[in-house]
Amino acid sequence: MIFSDIEQEMGDYHIYSSLEDVSDKYKYSHRDFDFYRRLLDLAAKGQDLSLMKITKQAAGSAWDLDKWKFLPITHKVYTEQPNVKWYIFLEADSYMAWTNVLELLSLYDPDEPWYLGSTHFFGDVAFAHGGMGYFISNRAMRDLHRIYDGKHINEWEKRISEGCCGDVELAAILSEAGVNITSVPGLYGESITWFEWDQGRWCEPALSWHHVGSHDVEALWQFESKLLTQEVSHYVYKDLFHKLVEPHLAHTREDWDNMSRDRIMTGSSGLHPDEGRRYKLKTSVGDMDEEEQEDALRDLGDEEKELALDEGFYMKKMRWGELSESEQEDAWNELSDLEKEAHTSLGACKAACEDWDECIQFFYMTDRCHLHRTVRLGHYMHASAGSEDGDDDEEPVRTTSGWMMDRVRDLKDRVGTCKSVPEWMKEYAENELTKHDE
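Counted the way full-length UniProt numbering counts, the sequence shown spans residues 1 to 438.
Rather than coming from a laboratory, the hints here were simulated on the basis of the structure.
Take these hints with a grain of salt, some might be off.
Stated by the list, open to error - Here are the in silico distance ranges between beta carbons for each label pair: (1) E162 - K317: 44 to 50 Å; (2) D198 - Y28: 22 to 28 Å; (3) Q293 - Q8: 56 to 62 Å; (4) S29 - S420: 52 to 58 Å.
Even for Gly, the Cβ is constructed at its ideal location relative to N, Cα and C.
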């Protein structure tokens, strides 16, 4: 079943309205539905509906409307198809590896209340991120349907009107029906260009990608189609890397951003507030009251908490932008000479990457050097013409990305041979089922 904001026909496909079952008191008066009402008006006048997506304001309005769709869609697919084993939810800009997904679902009993997805948290609500795709079993849908009545709908819609996100509200509603999320691997919130290829996920089966464009879909489809001609049904991240990423890596690549972000050195300051690393700052807890201590030590393990209370201090991890000027100066002085010079040239940036044992790729533009500890493919970055003050006589700003190819090869060699996808998934599901039964 395909859903959109309004009901329509597209070729041989019927498109269902995702908002038809929302109560009229919200649909025809609530501010979140301003965009929807304008859309209905355009459709009634036979106009081009794509005109609604031109402005940033329209995009924001569409986002406000999005949170209302999750519950009606969930109810609609169950009432239309009440006897299927699994309900798989996927957004239009997502791609799903169906053979891997079906292998995973075969290990879970659809007559048990399963809600599977990539677990995220909003406050104390654990929910499946909608953009990555999620799976609800027939039993879970039946349990939800049992409490889907006028009283509950009024409560839920009021909560949705005040809430932020449809996937969060759906999870809270499922929880009321006694259905809680179980996390599954392989669901990713970005496209292949963003993915961080590291040893930890090398042998995991890929299930989905989000924010994919037509180019990504075509590449993934061609990759899967070729596998099927070779009678190979399943694949892991390692296979994708070998076919879709590795051929595009090089010692240097101009007009390219490989999205290196772990260490960022810029200009005379040397460091940048967006960089990924944390700085350890000695922080006293002896002068704190009990509530302050509890708040300060909340993220520490039990042993770390006990040690901090015994010694009267702990090492707090802070971002660059959270440090005072004197603390920033101390952090700058702790940099190596190569790091201090990394922003001065492409060669200096590459040398800083070579000097850092964990660095596997780098990005350079004028007065800026980024280093990263995992492999990312990234994307083309058009050279900006002229300077920021509009002087077109200046040379365009060019970007260069590079990968330490010997370290990329070492990464591949360390991983070795992966288990088969059915074997890997069976072990994973058995562990999760054991936890579920405890």
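Now for the hints, and whether the structure bears them out:
1. E162 - K317: 44 to 50 Å: 34 Å, violated
2. D198 - Y28: 22 to 28 Å: 50 Å, violated
3. Q293 - Q8: 56 to 62 Å: Cβ of Q293 to Cβ of Q8: about 59 Å, so the range 56 to 62 Å holds.
4. S29 - S420: 52 to 58 Å: 56 Å, holds
Figure legend: structure checked against the earlier numbered hints; hints not met, in rising order: 1, 2.
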